[in-house]
Amino acid sequence: MIHILAAVSPEATIGKNVSIGPFTIVHANVVIGDNTKIDSHCEIGYPSALADGLPLVIGANSLIRSHSILYEGSTFGERLTTGHRVTIREKTVVGINFQVGTLGDIQGSCTIGDYVRFHSNVHIGQKSTVGNYVWIFPYVVLTNDPHPPSDISIGATVEDFAAVATMSVVLPGVTIGKGALVAAHSSVARDVAPDTVVGGTPAKYLCDTSKIKLKNDPDTSAYPWRKHFHRGYPESVVAEWLKEFS
Amino acid sequence: MIHILAAVSPEATIGKNVSIGPFTIVHANVVIGDNTKIDSHCEIGYPSALADGLPLVIGANSLIRSHSILYEGSTFGERLTTGHRVTIREKTVVGINFQVGTLGDIQGSCTIGDYVRFHSNVHIGQKSTVGNYVWIFPYVVLTNDPHPPSDISIGATVEDFAAVATMSVVLPGVTIGKGALVAAHSSVARDVAPDTVVGGTPAKYLCDTSKIKLKNDPDTSAYPWRKHFHRGYPESVVAEWLKEFS
Amino acid sequence: MIHILAAVSPEATIGKNVSIGPFTIVHANVVIGDNTKIDSHCEIGYPSALADGLPLVIGANSLIRSHSILYEGSTFGERLTTGHRVTIREKTVVGINFQVGTLGDIQGSCTIGDYVRFHSNVHIGQKSTVGNYVWIFPYVVLTNDPHPPSDISIGATVEDFAAVATMSVVLPGVTIGKGALVAAHSSVARDVAPDTVVGGTPAKYLCDTSKIKLKNDPDTSAYPWRKHFHRGYPESVVAEWLKEFS
Chain E
1 MIHILAAVSP EATIGKNVSI GPFTIVHANV VIGDNTKIDS HCEIGYPSAL
51 ADGLPLVIGA NSLIRSHSIL YEGSTFGERL TTGHRVTIRE KTVVGINFQV
101 GTLGDIQGSC TIGDYVRFHS NVHIGQKSTV GNYVWIFPYV VLTNDPHPPS
151 DISIGATVED FAAVATMSVV LPGVTIGKGA LVAAHSSVAR DVAPDTVVGG
201 TPAKYLCDTS KIKLKNDPDT SAYPWRKHFH RGYPESVVAE WLKEFS
Chain W
1001 MIHILAAVSP EATIGKNVSI GPFTIVHANV VIGDNTKIDS HCEIGYPSAL
1051 ADGLPLVIGA NSLIRSHSIL YEGSTFGERL TTGHRVTIRE KTVVGINFQV
1101 GTLGDIQGSC TIGDYVRFHS NVHIGQKSTV GNYVWIFPYV VLTNDPHPPS
1151 DISIGATVED FAAVATMSVV LPGVTIGKGA LVAAHSSVAR DVAPDTVVGG
1201 TPAKYLCDTS KIKLKNDPDT SAYPWRKHFH RGYPESVVAE WLKEFS
Chain F
2001 MIHILAAVSP EATIGKNVSI GPFTIVHANV VIGDNTKIDS HCEIGYPSAL
2051 ADGLPLVIGA NSLIRSHSIL YEGSTFGERL TTGHRVTIRE KTVVGINFQV
2101 GTLGDIQGSC TIGDYVRFHS NVHIGQKSTV GNYVWIFPYV VLTNDPHPPS
2151 DISIGATVED FAAVATMSVV LPGVTIGKGA LVAAHSSVAR DVAPDTVVGG
2201 TPAKYLCDTS KIKLKNDPDT SAYPWRKHFH RGYPESVVAE WLKEFS
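Taken in order, these protein sequences are the chains called E, W and F.
Numbering follows the working numbering, in which position 74 of the first sequence is assigned residue number 74; successive positions increment by one, without gaps.
Just add 1000 to wherever you are in the second sequence, counting from 1, and you've got the working numbering.
Just add 2000 to wherever you are in the third sequence, counting from 1, and you've got the working numbering.
None of these hints come from the bench; they were simulated from the model.
It cannot be assumed that every hint is accurate.
Computed list of lysine-lysine pairs in DSS-like fashion (alpha-carbon distance at most 27 Å, straight line) [to be verified]:
hint, chain 1, residue 1, chain 2, residue 2
1, E, K215, W, K1204
2, W, K1204, F, K2204
3, W, K1127, E, K215
4, E, K227, W, K1091
5, W, K1227, W, K1178
6, F, K2211, E, K204
7, F, K2178, F, K2215
8, E, K215, W, K1091
9, E, K91, F, K2215
10, E, K178, E, K227
With the hints as extra help, turn the sequences into a complete structure.
Written as structure tokens, this is what we have:
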């Protein structure tokens, strides 16, 4: 299952039934869980002094798509799924079932919950905190320096079930509340209350999320999205969500 | 012409005079036209269940620059030219002479016409429709979900000769009319009339395109651009364009 | 120091103590300075007719991170440091100690000074001019075509010590003055005076940079940043900066 043109360190800890594609490098300080598939052209466990010797840990049943780079010192729960060309730096701790799309760039020292989904080409600054079931869409940037460049770094926080739409910037230290929605192309400079929609530059309150109706069913609110959108989540998770609304 | 360090499936159909660079993978379900050059570090025909078994077809006389990834199930006319690190997913159908710049990310199930040019780092959401002779500039995003995340996907449409300037977002279901111009850093939430300029967030009508004059010739309109900008188009195409204005 | 799975042209000029990783290509028309480290999966000296036969020159003590692509015809001073997946095209001339982050895309024919730092995922259009000690943050685009597409190309200029914050667009021919700050998510259509802050679309004057105070010390201005931010600069450079304020 390890391709003859892969370069795998004999010191790496590799689980059962792991597949590693051609032209992929696996460095020494790496632990890969069972049944994980790593595509071609990846670099797994990129060495970094900032990792303080911590290993890269990839949970079981993961899929790392081609050309991705994961640094030493980060930890991923089971069923990590990446797109292509993902870069994740050191000391980021991620829960189970994380999906991160093509070109995602996670800068390190971040905390990310369970069942989080990042679409293509997001940039997550150092020290960001992301809850569970969060969605972040393409070209979103989470920043951390209030007056760049400086030595101050204050990560943003995105709480459970929140969604940040495409091309938005979240400024340092801002908290996006539970279930909130940031409209496309916004700059969020202040905290966003739970279950509200904000938009613009700087982002302002637009309405409660419940006011947004489904395009194909104008009598039904599009939010909280967990009432109607279940694609790819396990039944047990969905059952837990629906209990809240029954 | 196939480098000794390329990994090419014996089942792939490869035309005459095809060149394949080192560290490139060509999967089985692939048809490559004559005289095509594929650089190093590419992955051609990335397998996907969503391709429904359809092959990747690359027209003759194409150039795929290094580190690009093309999925099974998409079809490209002759003279495809990519930049580096392009990703194009399954079931996208593209005309002739398509140029897509470095870091372009085309999400699949899109329809793209002839002589289309995408500059670097565009993100084209699933089900987008792009006409002929269209220009899309860096960091433009074509979206498809009106209330993300949801199961509804309504692609945007960009008609012939339209240009979408850098860092703009086109919202789901919007049509950018023939020859229209979207100014940089806009969010387009409503249809744009042909030969008009829109800008801002949300984008509003600014003027007709004919009001914009060439910087180096203030007596001449910069639009329709096909009257004066011909670089890289074949003479026969340009002759057809100019007939309209004679 | 050259990995057995690297493909290095015997015609390349390679200094002493140079390290070249697996799956990296070094083309013929390349000069690499002493003590430089090139990671895996890179393409160094990508051939281009637009380079007019000029070599790629990489100064001594440089670090090129994995998956990066540098074209023929560009020149870099000592201590170049790149992130991953950087693309730099032909005829760009760069001073010493340049740092360019992951996914940076420099389009060629640019001039970049000494000690410049680009964060991740910047797009620098052809003919841009960047001074010394400049900072450019993620998803910033420097454009050059006033009415795209056209044959006119007028690069933007960013003067010494200026900082352009994330997701901003600098329009063609604009000059960002010395020590100025462009706020996040701005479109800069007019010249920016030295030591001022601009923001918005289109960007307007907001205040002088001296009005912005450090988050952790409200009695101290955050700008000029060179008074307090010295991370990674040599002592001799910092001493020179501080002389101005003593």
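- Message: Need the status of pair W/K1204, F/K2204: alpha-carbon distance at most 27 Å?
- Response: OK: W/K1204 and F/K2204 at ~19 Å, within 27 Å.
- Take a quick look at whether E/K91 and F/K2215 sit within 27 Å of each other, Cα to Cα. Holds: E/K91 and F/K2215 sit about 25 Å apart, inside 27 Å.
- Message: W/K1127 and E/K215 were given as a pair; does the straight-line alpha-carbon distance stay at or below 27 Å?
- Response: At roughly 17 Å apart (the allowed maximum being 27 Å), E/K215 and W/K1127 satisfy the hint.
- Task: Compare the distance between the alpha carbons of E/K215 and W/K1204 with 27 Å, and conclude whether the hinted pair is satisfied.
- Result: Judged against 27 Å, a Cα distance of about 23 Å means the pair holds.
- Query: Does the alpha-carbon distance linking W/K1227 and W/K1178 stay inside the 27 Å limit?
  - Reply: OK: W/K1227 and W/K1178 at ~15 Å, within 27 Å.
- Message: Next pair to validate is F/K2211 with E/K204; report whether the Cα-Cα distance is within 27 Å.
- Response: holds (24 Å)
- Query: Is the straight-line distance between the alpha-carbon of E/K178 and that of E/K227 27 Å or less?
  - Reply: holds (15 Å)
- Item | Hint consistency between E/K227 and W/K1091 [alpha-carbon to alpha-carbon, up to 27 Å] | Violated, because 30 Å separates the two Cα atoms, which is more than 27 Å.
- Task: Would you mind confirming whether the straight-line C-alpha gap from E/K215 to W/K1091 stays at or under 27 Å?
- Result: holds (25 Å)
- Between F/K2178 and F/K2215, does the CA-CA distance stay at or below 27 Å? holds (23 Å)
Hint check: a violation occurs at hint 4 only; the rest are consistent with the structure.
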